[in-house]
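Using the sequences and the accompanying hints, generate a full structural model.
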Amino acid sequence: MCHGGGSAAILKKHVGIWRISTEHFDPYAGSRGPAKSAQPLAGLLVENSSYSRASLKRRLFREGYKPRCCELCGQGEEWQGKPMGLILDHINGVDNDNRLSNLRIVCPNCAATLDTHCGRGNRLERERACLFCGEVFEPKRADHRYCSPRCGQRKQGSKEPRPETRKVDRPPYARLKREVAAMGWSAVGRRYGVSDNAVRKWMRWYEAGMAKA
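Start counting the sequence shown at 728; every next residue gets the next number (our numbering).
Please note that the accuracy of each hint is not assured.
[To be verified] Keeping only pairs whose Cα atoms sit at most 16 Å apart, straight-line, the calculated EDC-like set for lysine to aspartate or glutamate is:
#1 Lys-784 / Asp-822
#2 Lys-904 / Asp-923
#3 Lys-740 / Glu-790
#4 Lys-784 / Asp-842
#5 Lys-894 / Glu-906
#6 Lys-739 / Asp-753
#7 Lys-784 / Glu-804
#8 Lys-867 / Glu-854
#9 Lys-809 / Asp-822
#10 Lys-739 / Glu-750
#11 Lys-904 / Glu-934
#12 Lys-928 / Glu-906
[As the list claims (entries may be wrong)] Distance ranges between label pairs, derived from CB positions:
#13 Gly-801 / Ala-756: 44 to 50 Å
#14 Gly-791 / Ala-869: 34 to 40 Å
#15 Met-811 / Asp-753: 37 to 43 Å
#16 Met-811 / Arg-746: 53 to 59 Å
#17 Ala-765 / Arg-855: 42 to 48 Å
#18 Arg-918 / Ser-779: 41 to 47 Å
Hints are computed from structural coordinates only; laboratory data are not their basis.
Here the structure is a predicted model, which is why all the values come from computation and not from measurement.
Beta carbons: idealized from backbone N, C-alpha and C, even for Gly.
So, in structure tokens, the structure goes:
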């Protein structure tokens, strides 16, 4: 039988003619796709892991790497006759550092007493100095380095020309001025493969430099 649009119909027809049992067929096999083999646990117990914490905890229990009780007080998965979830804690506070030596199982009570509980160890300092002006300010996020957008722009944005990054070599000012006067902005832009606004910026840049001189 060839792979074609009518193959399923032909198969169904001959199954009926020859009375072949199809009870063992799985009607959902195609939608499920091929079965995926589990990734070896040793490959997950590493730094900078993207593996789910909940899935990792289940596998640590299932494969015998961790006990089903708190490693600090011995509390199990039941509290006052009701089930209680245990927590997979990262000792150094880095939640993607899944090295086995950095993992421990704790109960909610013990977790609340840890220095890393709810990101305590990762909190921002109350004040830091601006990298540009030195003014002390309160950061709002970990990568907050400047006290204001103005300081950030003045620090990061250099006004020095970088010819090596240009896609087109600019003609000298005198030649550019002559061509603009003779041909117009758009025609000069087409000659150099840029827009007319780019040509205007070239002119302004040259003229600003001459004004400073």
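These are the hints, each one checked on the structure:
1. Lys-784 / Asp-822: Given that 16 Å is the threshold and the Cα spacing comes to 13 Å, the pair holds.
2. Lys-904 / Asp-923: holds, 13 Å
3. Lys-740 / Glu-790: Given that 16 Å is the threshold and the Cα spacing comes to 48 Å, the pair is violated.
4. Lys-784 / Asp-842: Since the Cα atoms of Lys-784 and Asp-842 sit roughly 21 Å apart, the hinted pair is violated (cutoff 16 Å).
5. Lys-894 / Glu-906: This hinted pair is violated, its Cα atoms lying about 20 Å apart.
6. Lys-739 / Asp-753: holds, 15 Å
7. Lys-784 / Glu-804: holds, 13 Å
8. Lys-867 / Glu-854: holds, 10 Å
9. Lys-809 / Asp-822: violated, 28 Å
10. Lys-739 / Glu-750: holds, 13 Å
11. Lys-904 / Glu-934: holds, 11 Å
12. Lys-928 / Glu-906: Holds, because 15 Å separates the two Cα atoms, which is no more than 16 Å.
13. Gly-801 / Ala-756: 44 to 50 Å: With a Cβ separation near 46 Å, Gly-801 and Ala-756 satisfy 44 to 50 Å, so the hint holds.
14. Gly-791 / Ala-869: 34 to 40 Å: About 37 Å separates the Cβ atoms of Gly-791 and Ala-869, which means 34 to 40 Å holds.
15. Met-811 / Asp-753: 37 to 43 Å: Since Met-811 and Asp-753 have Cβ atoms about 39 Å apart, the given range 37 to 43 Å holds.
16. Met-811 / Arg-746: 53 to 59 Å: Taking Cβ atoms as reference, Met-811 and Arg-746 lie about 57 Å apart, which means the hint holds.
17. Ala-765 / Arg-855: 42 to 48 Å: The hint (42 to 48 Å, Cβ to Cβ) holds, given that Ala-765 and Arg-855 are roughly 44 Å apart.
18. Arg-918 / Ser-779: 41 to 47 Å: violated, 58 Å
The structure is inconsistent with the numbered hints 3, 4, 5, 9, 18, although it conforms to all the rest.
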